[in-house]
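Visitor: Residues per chain, in single letters:
There are 4 protein chains.
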Amino acid sequence: MRTPVQDYLKKMLDVARPNISGSRASYIPELRDATPDLLGMAICTIDGNIYSAGDDQEMFTIQSISKPFMYALALKDRGLDTVMETVGTEPSGEDFNELSLEGDTNRPMNPMINAGAIAVNQLINGEESTTEDRIALILEFMSDLAGRELEIDHGLCESEFAGADRNLSLAHMLRSYGIIKDTAHDAVFSYVQQCSILVNVRDLAVMGATLANGGVQPRTGKQVLKPEICRQVQSVMVSAGMYNGAGQWLFDVGIPAKSGVSGGILGTLPGQLGIATFSPRLDSKGNSVRGVRVFEQLSKDMGLHLMATEPFGGDALREITSDGYTTTIHVQGTLNFSAAEELLWEVLPRELPNERIIVDLTEVRRARVAGSRILLDGITALEESGADVAVYDPHFVLKTHEREDGTDIEIVDNLPVR
Amino acid sequence: MRTPVQDYLKKMLDVARPNISGSRASYIPELRDATPDLLGMAICTIDGNIYSAGDDQEMFTIQSISKPFMYALALKDRGLDTVMETVGTEPSGEDFNELSLEGDTNRPMNPMINAGAIAVNQLINGEESTTEDRIALILEFMSDLAGRELEIDHGLCESEFAGADRNLSLAHMLRSYGIIKDTAHDAVFSYVQQCSILVNVRDLAVMGATLANGGVQPRTGKQVLKPEICRQVQSVMVSAGMYNGAGQWLFDVGIPAKSGVSGGILGTLPGQLGIATFSPRLDSKGNSVRGVRVFEQLSKDMGLHLMATEPFGGDALREITSDGYTTTIHVQGTLNFSAAEELLWEVLPRELPNERIIVDLTEVRRARVAGSRILLDGITALEESGADVAVYDPHFVLKTHEREDGTDIEIVDNLPVR
Amino acid sequence: MRTPVQDYLKKMLDVARPNISGSRASYIPELRDATPDLLGMAICTIDGNIYSAGDDQEMFTIQSISKPFMYALALKDRGLDTVMETVGTEPSGEDFNELSLEGDTNRPMNPMINAGAIAVNQLINGEESTTEDRIALILEFMSDLAGRELEIDHGLCESEFAGADRNLSLAHMLRSYGIIKDTAHDAVFSYVQQCSILVNVRDLAVMGATLANGGVQPRTGKQVLKPEICRQVQSVMVSAGMYNGAGQWLFDVGIPAKSGVSGGILGTLPGQLGIATFSPRLDSKGNSVRGVRVFEQLSKDMGLHLMATEPFGGDALREITSDGYTTTIHVQGTLNFSAAEELLWEVLPRELPNERIIVDLTEVRRARVAGSRILLDGITALEESGADVAVYDPHFVLKTHEREDGTDIEIVDNLPVR
Amino acid sequence: MRTPVQDYLKKMLDVARPNISGSRASYIPELRDATPDLLGMAICTIDGNIYSAGDDQEMFTIQSISKPFMYALALKDRGLDTVMETVGTEPSGEDFNELSLEGDTNRPMNPMINAGAIAVNQLINGEESTTEDRIALILEFMSDLAGRELEIDHGLCESEFAGADRNLSLAHMLRSYGIIKDTAHDAVFSYVQQCSILVNVRDLAVMGATLANGGVQPRTGKQVLKPEICRQVQSVMVSAGMYNGAGQWLFDVGIPAKSGVSGGILGTLPGQLGIATFSPRLDSKGNSVRGVRVFEQLSKDMGLHLMATEPFGGDALREITSDGYTTTIHVQGTLNFSAAEELLWEVLPRELPNERIIVDLTEVRRARVAGSRILLDGITALEESGADVAVYDPHFVLKTHEREDGTDIEIVDNLPVR
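These protein sequence lines map, in sequence, to chains C, W, V and Y.
The first sequence begins at 1 in this note's numbering and counts up one residue at a time.
The second sequence begins at 1001 in this note's numbering and counts up one residue at a time.
The third sequence begins at 2001 in this note's numbering and counts up one residue at a time.
The fourth sequence begins at 3001 in this note's numbering and counts up one residue at a time.
Source of the hints: derived by calculation from the structure; they are not laboratory data.
Some clues are possibly wrong.
What the hints assert, rightly or not - Derived DSS-like pairs (lysine-lysine); straight-line CA-CA distance at most 30 Å:
1) W:Lys1011 <-> C:Lys300
2) W:Lys1010 <-> C:Lys11
3) C:Lys226 <-> W:Lys1399
4) V:Lys2285 <-> V:Lys2300
5) C:Lys226 <-> W:Lys1226
6) W:Lys1226 <-> C:Lys76
7) W:Lys1076 <-> W:Lys1181
8) W:Lys1010 <-> C:Lys399
9) V:Lys2300 <-> Y:Lys3076
10) Y:Lys3300 <-> Y:Lys3285
11) W:Lys1226 <-> W:Lys1011
12) C:Lys300 <-> W:Lys1399
Unchecked claim - Have a look at the derived ranges for each label pair, beta carbon to beta carbon:
13) W:Thr1407 <-> C:Asp323: 33 to 41 Å
14) Y:Lys3222 <-> V:Asn2106: 35 to 43 Å
15) V:Ser2021 <-> Y:Lys3222: 40 to 48 Å
Claimed, not checked - Residues of chain Y placed beyond 10 Å of chain V at every Cβ, according to the derived structure:
16) Asp3047
17) Gly3088
18) Gly3221
19) Arg3231
20) Ala3240
21) Pro3256
22) Asp3283
23) Thr3328
24) Asp3388
25) Ala3390
26) Asp3393
Quick reminder that beta carbons are idealized off the backbone N, C-alpha and C, glycines included.
Pulled out of the complex, with its shape left as it was, chain C reads as follows (with noise of 0.2 Å):
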């Protein structure tokens, strides 16, 4: 059957679609050799659904959207500490090709400029690690997140790396400071390997989707990377992701995002999507302009908007049952700090009909930490007022069965007979 999903990204398209202004990037011949027309976009939800349009099989060099990926596999490799004496997280205002190093330490701004990526580059696999062992495991890291394996052109990489003057600048300014160690020749040519990795805009929203799902791949269920990394990198694509122009970005489209000289943009959607566009000619920032069209158009249309301010979550509470004995409280839907407080307002002013209260979880999907919490508090303040509760969690959703006073609160196996 059709999928309205799919239409949807097709209209988008032919929205985007009779923009032909911009130009390809012309520094090396495979960028330059570019077919111009080119156009797909896909997303990827973080249940692993993905829906695709126009070209959408056609492979580019990932290029400078393999920025946040590598940032995130710094960090889980060298862990934050490492990360933040290496490069910062404050938006430069500068060009992606500027030095922008901070004043006092000479870390560069933030790993989304070039400088910072070539620093986050020599972290991986530890800074005495080979090239190729570096490459071997951003390879691996890589393909776990698109989840399949991922290949490098070899032949775009050998052309990158015979222009690469501006980068070979950074690198032996880094050296000059001693944030790299490895001979600028090297950590270019380790760095353009990681920019000519092979993808298409499917594989892109997969991966975005795995940052955007707190780390688990949606596809395979691998657990790829730790939530507190996903956030700390989707933060960063926030403030340094498309260049100058950070604070306009978010103003008018929302979504944190990520572009590449070769046409592509990733987004994001925190706890929803992925979402990837690919189209050559880039604007004079060096963004597809067809692509951010797409996401002008996808945030407004859609209201994908990280500051969209309509609410979410709610109705946690499905419904009260009583067989006479035994008050039963059943909870739906994901448990987050809103749903868990609003369940909370309802059930607890209640005068419920017996002592015996179960807190029945079947139906709840998710609980975030601050909704178990809160949960728990809640059980505790029904049992100070007299009731006997006990929860009911066939899935595992609660984060913990203990208070904050070390009991754990009443687990029961099954449920009253109804």
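With chain C's structure known, arrange chains W, V and Y on it following the hints.
Guide: Chains W, V and Y alone, transformed into the frame defined by chain C:
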């Protein structure tokens, strides 16, 4: 009955209370003489539930926390185009009292630095407005946000004005560039009054919840602002709200925020909460030391980070029932993009037992634009596969009943008797 | 008789006159309505000879050309240490009305930008002075420099003040940093009066010649300033006098200079000349178009470039005569380092015919510190080789007669009869 | 016989010697291991007299002091236009190893920062030149300036290159902007060789004196550079020679200067002197501590400040004689603008006794452009008043004998018999 959320707030204040570092603002006697140990906080949900703890009745002047609200009022009163001609949206990377004009337009960089805030103040009620009329409108708007009559601390206002050299400097410079037209004296006097509005943390939490709730004051139900303005204001709070170091705040805390020199901090979580803290001792950047601590804890403990990647939404399909003649698809919860997508993902592939299908929206609390659109497209898809579909929408949650081809979906007035 | 120098000035005006590009300052009516075709120039030698051509009697307000003179007055009135605490000496590379405060001290970068000039004005006559007393002292000083009573154009002064937003902005900022103490209103009013002093090019040329002449007004002979202050003022004119582009002006023209918005330019050649031009049309930097042209021509044609590498000085040894008993060394010209060094180079190796040697300084016009010192050291060297040396110094040109060992050289009252 | 000037140099070294603060450059072993207590200085007059004291034979690598000379060579070899396209003349206000490219042109700000110096080096002998040919030309030019064969310290050159990351960074960036065309490796290798030329303070003083002398090496008499190039080079030394703090150096010392990391400082006084000091310990800006002290003392004690306002020149009229038939005006000294003006000022108003006038230039040592022109104009003025004027110029000091109207003045071959 004791509310666990309130307990939670008390615990957070206990975490922050021992930190007595920092010092009160010293440039006017009223702030210099504030009781340094005061500490209070409040949160307000988009459903209008307020929780507070500590010195939650203590009144203080709103100071720079007025800036996002005045930006909202200017957007409401004068429209996006006029406001964008006057002030930009980029982080300035500089202290709040820097001039930070954009090179080409002479616009102040953003409305969160003083130069931008003075320019925004002058837009309100038109540039020809008297200061009295402008302040009256401001007070009315702020009172609407708070849900009660707010007042100005005229004594403090006089003190502020007596030492207002930096703001007078900014105002004269803005005048010299033609960005404001009133005298520097009157522009600063008007701005200082806006800063001297008296609030407590409960007021601020409600005002923030109004932004988080798409402009609907959650206790009075009044639509004070349009949703897009709330989105825009919170976007600027993210990129420019916490002075320099915006990237680090987003990385660490991830809550749109604005602080004031009297010791307040306002935070919002779009679609969820308004949050306010108050404690007079400030760090070197001018942010309340204990307020920052509370926000960090809130973000860490409760996962209330904008980039929190734990998923939300979901479980839109409550159940599918059939009476032999009609299949009823019972939908529930909030119908956003993710929820609607998931609903169709579950429904479309099934072999439904009857040709007559009713989509029951009784249990749907709200539907976003994206959710409404995808649902309608899904209904069309069902019809194209041979079904006869109607919708039961007793609470009028759908944004539209009109398909893209101009035809309406069928609406029924009641469900089949079960 | 016709003076060739005056003819030369006329020729230079003829070179510049056809250039009618640029436009008058437009921010106040008095400047906007100036006769645009006016063109005049004057030079004054350190001997007090004035040459002028064109509209040399036209009065105009001195504007920013007052800045170097006020810096001189502040140095004279308050001393180097106080002035250096208040304002720096580095080029700002920015427009004249930028704030340009140094990061650590909040001092304005230099006294040639408005922020620095306002701060310098406030130093004069002490920070407790009334504006009236300060202006009276300023007028007295400027009149001493010009050699006649100068007056203030009070009408223009009022106009300037009415549109003084930028200067008021700077004054408020300086106040906020504690660099000035008077109200912003009074500080700017005092500064505007300083700028409204009426001069013509002949006045300016004489005032500049006073700087070039080590502070001695060359026509009245009055020592208005100490030599070191003149050296300091002209140093700052070189590094910061011509707004941004100081390096290019030094490269091309090489004359310490300061321009004003009414169309004047003042130049000085230390030890040689004061130069002034006047023509109201300004280029985009605010410098008189035809004035700049004249200075370029003057530098190119006449070699009047500070770095002109053609040698000067020399020929200090007029002749050596002997009457059989006494050898007389006849010295002439200006005795600077080079001249004295050359004198000794020629005298010391010679076998002089008698033991008694008289150094005749009758024809020596002036002796610098370095020249005096080297001459005394040379006399000592002659004595150490066995000669009996005395000096005839009828005009008292030597700075000292005391050797480093504390003994005096022998002075004779007349020369041997020839 | 003992020369007092040399004694004076010894005294100045004694003043600076006790200061043992600062530390040697540490980035390569050769500089790190320099004998820290070395201290020497030399001056050379434009007449070629050299005075030196202390460790005046100690050889050290010229380092950044090569920059002004290479700028001169590029101007000589490639012309002003080509050089100006490649590098600017504005102070950068930044450290020597900053990139400091101008925003619009990508030119390095000036030739005294490393980026500018590398670009200048690449201009020499044409951009197609081999490094070997370029270095051969550089060594030939530097040897011409020094008056002896200079050599490169190849060992130190290798050390420099091994740690040349910053310079390689600059070279790659210059390449990426198309400002240099050779490989970064070769460009930096060529630059490092230029910096590794071995000199002592006597060499440097002579090289500086050549700049001060309008390009004529004062000991060999060879015209190595044109006067205008010397003027341009010394202009850039003033505005950008002493890193950041150029304004302060000009204010305090007032001598065009350039320092090098091995401990040398070169100064020039146009038309007077070359000055060089050497002492390895550097201050935080990278300037020799004791060298700076010597220059300060030299400027203060001897009045050798560019803005020294004590007058020079003068006394051009030696005497006026008459034999009854002919009046002879005996001119003497250096005929610059001031001297010629003063001459005419004394001669023109007089009633000369005869119609036949001879201007005797026998005792004129040199005539500047301005002096020659004014003298010719004066002769024309005398003729217009009825005299019959001729010139006796046995040493050919006049720059021209042609008047502005194209006619020549009369030249006579001998003076009237006295």
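Visitor: Would you mind marking each hint as holding or not holding in the structure?
Guide: Evaluated hints:
1. A C-alpha spacing of about 40 Å is found between Lys1011 (chain W) and Lys300 (chain C), which places the hinted pair above 30 Å, so the restraint is violated.
2. For the suggested pair Lys1010 (chain W) and Lys11 (chain C), the alpha carbons sit about 51 Å apart, so the restraint of at most 30 Å is broken.
3. In summary, the hint linking Lys226 (chain C) to Lys1399 (chain W) is not supported, as the alpha carbons are separated by about 37 Å, beyond the 30 Å threshold.
4. Between Lys2285 (chain V) and Lys2300 (chain V), the direct Cα distance comes to roughly 22 Å. Compliance with the 30 Å bound is thereby established for this hinted pair.
5. With a C-alpha separation of about 37 Å, the suggested pairing of Lys226 (chain C) with Lys1226 (chain W) is violated against the 30 Å cut-off.
6. Of the pairs offered as hints, the one joining Lys1226 (chain W) and Lys76 (chain C) is violated, with about 41 Å between alpha carbons and a cut-off of 30 Å exceeded.
7. Simply put, Lys1076 (chain W) and Lys1181 (chain W) have alpha-carbon atoms about 20 Å apart, close enough for the 30 Å limit, and the pair holds.
8. At most 30 Å may separate the alpha-carbon atoms for a hinted pair to count; Lys1010 (chain W) and Lys399 (chain C) meet this at roughly 22 Å.
9. For a cut-off of 30 Å, the pair hint linking Lys2300 (chain V) to Lys3076 (chain Y) stands: about 19 Å separates their Cα positions.
10. A C-alpha spacing of about 22 Å is found between Lys3300 (chain Y) and Lys3285 (chain Y), which places the hinted pair at or below 30 Å, so the restraint holds.
11. As the CA atoms of Lys1226 (chain W) and Lys1011 (chain W) are separated by approximately 35 Å, the hinted pair breaks the 30 Å bound.
12. Between Lys300 (chain C) and Lys1399 (chain W) the alpha-carbon distance is near 15 Å, which keeps this suggested pair within the 30 Å criterion.
13. A hinted range of 33 to 41 Å is violated for the C-beta pair Thr1407 (chain W) and Asp323 (chain C), which are about 48 Å apart.
14. As the Cβ distance of Lys3222 (chain Y) to Asn2106 (chain V) is approximately 52 Å, the hint placing it in 35 to 43 Å is violated.
15. At roughly 44 Å, the beta-carbon separation of Ser2021 (chain V) and Lys3222 (chain Y) lies within the given 40 to 48 Å, and the hint holds.
16. Not every CB of chain V lies more than 10 Å from the CB of Asp3047 (chain Y), the least distance being 6 Å, so the non-interface label is violated.
17. With a minimum CB-CB distance of about 7 Å to chain V, Gly3088 (chain Y) fails to clear the 10 Å threshold, and the non-interface call is violated.
18. Listed as a non-interface residue, Gly3221 (chain Y) keeps its Cβ farther than 10 Å from every Cβ of chain V; the least gap is roughly 14 Å.
19. The beta carbon of Arg3231 (chain Y) sits about 4 Å from the closest Cβ of chain V, which is not more than 10 Å, so the claim that it is off the interface is violated.
20. Residue-level check failed: Ala3240 (chain Y) sits 7 Å from the nearest beta carbon of chain V, not beyond 10 Å.
21. Remark: the non-interface label on Pro3256 (chain Y) conflicts with the geometry, its nearest Cβ contact in chain V lying 7 Å away (cut-off 10 Å).
22. With 10 Å as the threshold on Cβ separation, the claim that Asp3283 (chain Y) sits away from chain V holds: the shortest Cβ distance comes to roughly 17 Å.
23. Every CB of chain V lies more than 10 Å from the CB of Thr3328 (chain Y), the least distance being 18 Å, so the non-interface label holds.
24. Its beta-carbon lying about 16 Å from the closest one in chain V, Asp3388 (chain Y) satisfies the requirement of being farther than 10 Å from that chain.
25. Once the 10 Å rule is applied to beta carbons, Ala3390 (chain Y) is consistent with being away from chain V; the minimum gap is 18 Å.
26. Listed as a non-interface residue, Asp3393 (chain Y) keeps its Cβ farther than 10 Å from every Cβ of chain V; the least gap is roughly 16 Å.
Going through the hint list in order, the structure does not satisfy hints 1, 2, 3, 5, 6, 11, 13, 14, 16, 17, 19, 20, 21.
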